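Asks: Sequence:
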Amino acid sequence: MINKLAKLGVVPVVALDDAADAVKLAEALMEGGLPVAEITFRTAAAKESIKLIAENCPEMLVGAGTVLSVEQVKDAVSAGAKFIVTPGFDPEVVDYCLANDIPVFPGCMTPSEITQAYKRGLEVVKFFPAEDAGGLKMIKALSGPFPNIKFMPTGGINAGNLKAYLENSKIAACGGTWMVKKDLISAKDFDKIRELTKEAKALVDEVRG
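Per my numbering, the very first residue in the sequence shown carries number 770; after that it's consecutive.
Errors might be hidden in some of the hints.
Per label pair, the in silico range of CB-to-CB distance [stated by the list, open to error]:
(1) 838 to 956: 29 to 35 angstroms
(2) 775 to 968: 17 to 23 angstroms
(3) 976 to 811: 26 to 32 angstroms
(4) 889 to 828: 29 to 35 angstroms
Simulated crosslink set (EDC-like; lysine to aspartate or glutamate; CA at most 20 angstroms straight-line) [to be verified]:
(5) 851 to 796
(6) 950 to 900
(7) 957 to 968
(8) 961 to 786
(9) 961 to 800
(10) 776 to 975
(11) 793 to 828
(12) 793 to 824
(13) 919 to 936
(14) 851 to 817
FYI, nobody ran anything at the bench for these hints, they're computed from the structure. Here the structure is a predicted model, which means the values were calculated and not measured. Note that CB positions come from ideal geometry on N, CA and C, so glycine has one too.
Turn these sequences into a full structure, and let the hints guide you.
Replies: Take a look at the structure:
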């Protein structure tokens, strides 16, 4: 899973209010060159959205984000989620995922949280909220005592700073919402989503080949 996400470089982070938009959104992301999405449990439509994408777009790598409980992990995986992302480090959630061979990327922004991830054998953690927590400067500082940990920064990543993040060897992939903003989804502007996704993929290809 780590290799798949690293190869893609960018993970669109999606909040869907209406599951009816899920398949169209997934198709736009795939056509734009990023067959991956982190569907956040910030809305009631998350589980159904994951289910529809998993059933209708089997080539799509769909995961669940903003997961706050073991119950949400179970809901997400039963719907077809292939990976779990949490905003913070919750030992109960992380340990459940590890015990059940579910790829998990817990949110970590302090040395103490990263230590807990490291002790459990995790190689990649989510760094959130990336820009507000110090961005690349903070990631470089944390990489000193944790040379074997890579980061998936999310929060404040956009087309303007994506390249700088991807050029850092400690970045596995970047999570971002700029190509899947709620106003674009609510307007059903899937052409714009496809266009922004293509631009993001082009930046990934420029940096990582």
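Asks: Hint by hint, say whether it matches the structure.
Replies: Here is what the structure says about each hint:
{"no.": "1", "hint": "838 to 956: 29 to 35 angstroms", "result": "holds (32 angstroms)"}
{"no.": "2", "hint": "775 to 968: 17 to 23 angstroms", "result": "holds (20 angstroms)"}
{"no.": "3", "hint": "976 to 811: 26 to 32 angstroms", "result": "holds (29 angstroms)"}
{"no.": "4", "hint": "889 to 828: 29 to 35 angstroms", "result": "holds (30 angstroms)"}
{"no.": "5", "hint": "851 to 796", "result": "holds (18 angstroms)"}
{"no.": "6", "hint": "950 to 900", "result": "holds (18 angstroms)"}
{"no.": "7", "hint": "957 to 968", "result": "holds (19 angstroms)"}
{"no.": "8", "hint": "961 to 786", "result": "holds (18 angstroms)"}
{"no.": "9", "hint": "961 to 800", "result": "holds (12 angstroms)"}
{"no.": "10", "hint": "776 to 975", "result": "holds (13 angstroms)"}
{"no.": "11", "hint": "793 to 828", "result": "holds (14 angstroms)"}
{"no.": "12", "hint": "793 to 824", "result": "holds (13 angstroms)"}
{"no.": "13", "hint": "919 to 936", "result": "holds (13 angstroms)"}
{"no.": "14", "hint": "851 to 817", "result": "holds (15 angstroms)"}
No hint from the list above goes unmet by this structure.
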